[in-house]
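Q: Sequence:
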Amino acid sequence: GSLDYETVNQKLKYLGQVINETMRIWPAALTTERGPCKTLVNPLVQYPAG
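Numbering-wise (the working numbering), the sequence shown opens with residue 1002 and increments by one.
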């Protein structure tokens, strides 16, 4: 069968609790967009400023 939220939450209670606690500590919706203030260059890739 498929593994959906209801199956995890009802039949795999401990796994559901682990997932809920992980989402509480590190919510997926909060992100911070950051970029370098100046251009960074290393031998493999260049990251432009901004």
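Certain hints may be false.
What the hints assert, rightly or not - Quick list of the computed label-pair ranges, beta carbon to beta carbon:
| # | residue 1 | residue 2 | range |
| --- | --- | --- | --- |
| 1 | P1028 | L1004 | 18 to 24 Å |
| 2 | S1003 | G1051 | 38 to 44 Å |
| 3 | T1008 | A1050 | 45 to 51 Å |
| 4 | A1030 | E1007 | 44 to 50 Å |
| 5 | D1005 | I1026 | 41 to 47 Å |
| 6 | I1020 | P1049 | 35 to 41 Å |
If you are wondering where the hints come from, they were derived from the structure by calculation, not from laboratory data.
C-beta atoms are modelled at their ideal positions from N, C-alpha and C, and glycine is treated no differently.
Q: Starting from the hint 35 to 41 Å, judge whether the C-beta atoms of I1020 and P1049 obey it.
A: Between I1020 and P1049, where Cβ atoms are some 37 Å apart, the hint holds.
Q: Do the beta carbons of S1003 and G1051 sit within 38 to 44 Å of each other?
A: At 43 Å between Cβs, range holds.
Q: Range first: 44 to 50 Å. Now tell me if the beta carbons of A1030 and E1007 are that far apart.
A: With a Cβ separation near 21 Å, A1030 and E1007 fall outside 44 to 50 Å, so the hint is violated.
Q: Within 41 to 47 Å or not, the Cβ separation of D1005 and I1026?
A: At 23 Å between Cβs, range violated.
Q: Just to be sure I understand the hint, the distance between the Cβ atoms of T1008 and A1050 should be within 45 to 51 Å; is that true here?
A: 47 Å, holds
Q: Within 18 to 24 Å: is that where the Cβ-Cβ distance between P1028 and L1004 falls?
A: 22 Å, holds
In summary, the structure is inconsistent with hints 4, 5 from the numbered list given earlier, while agreeing with the others.
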